[in-house]
Amino acid sequence: LHRIGKADSMHRPHCPSREETVHHLLMECPHYRRECHQLSRALERKATSIPYFLTDPEATPHLVRYINSTRRPKETFGEV
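Going by my numbering, the letters in the sequence shown line up with residues 18 to 97, in that order.
Some clues are possibly wrong.
As the list claims (entries may be wrong) - So the derived label-pair ranges between C-beta atoms look like this:
no., residue 1, residue 2, range
1, Thr38, Asn85, 17 to 27 Å
2, His40, Thr77, 16 to 26 Å
3, Arg62, Gly22, 14 to 24 Å
4, Arg88, Arg20, 15 to 25 Å
5, Pro74, Pro33, 16 to 26 Å
Claimed, not checked - With a Cα cut of at most 20 Å, we get these calculated EDC-like pairs of lysine to aspartate or glutamate:
no., residue 1, residue 2
6, Lys63, Asp25
7, Lys91, Glu75
8, Lys91, Glu52
9, Lys63, Glu45
In case anyone wonders, no lab produced these hints; they're calculated from the structure.
In this text, all values refer to a predicted model and were calculated from it rather than measured experimentally.
Backbone N, C-alpha and C define an ideal beta-carbon position, used for all residues, glycine too.
Work out the full structure, taking the sequences as your base and the hints as a guide.
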């Protein structure tokens, strides 16, 4: 969000030492561990591939559910 001018900082309060990247948000952020686990259970082994998340129609509903569950972009874009 910072990269597109929708957030003041590239860092989040719960991960101040990490840049907010797609990889961090989808796979590493400890703040969203529960949501990430649910996404991993739904997509199984494929849940380790960002290209899969972003291009495969099978992943889209799960990815949208994940993004909504993090509530991260809600202030900027509303419900996805």
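Here is what the structure says about each hint:
1. The hint said 17 to 27 Å for the Cβ distance between Thr38 and Asn85, and at roughly 19 Å that hint holds.
2. Separation of His40 from Thr77 is about 18 Å and conforms to the stated range, judged on CB atoms against 16 to 26 Å.
3. Between Arg62 and Gly22, the C-beta spacing of about 36 Å breaks the proposed range 14 to 24 Å.
4. Separated by about 20 Å at the C-beta atoms, Arg88 and Arg20 satisfy the suggested range of 15 to 25 Å.
5. Checked against the hint of 16 to 26 Å, the C-beta distance between Pro74 and Pro33 comes to roughly 36 Å, which is inconsistent with it.
6. A distance of roughly 33 Å separates the Cα atoms of Lys63 and Asp25; the hinted pair therefore is violated under the 20 Å criterion.
7. Pair hint Lys91 plus Glu75 does not hold up; C-alpha atoms about 23 Å apart against a cutoff of 20 Å.
8. For the suggested pair Lys91 and Glu52, the alpha carbons sit about 16 Å apart, so the restraint of at most 20 Å is met.
9. Among the hinted pairs, Lys63 with Glu45 is consistent with the structure: their alpha-carbon atoms are about 16 Å apart, no more than 20 Å.
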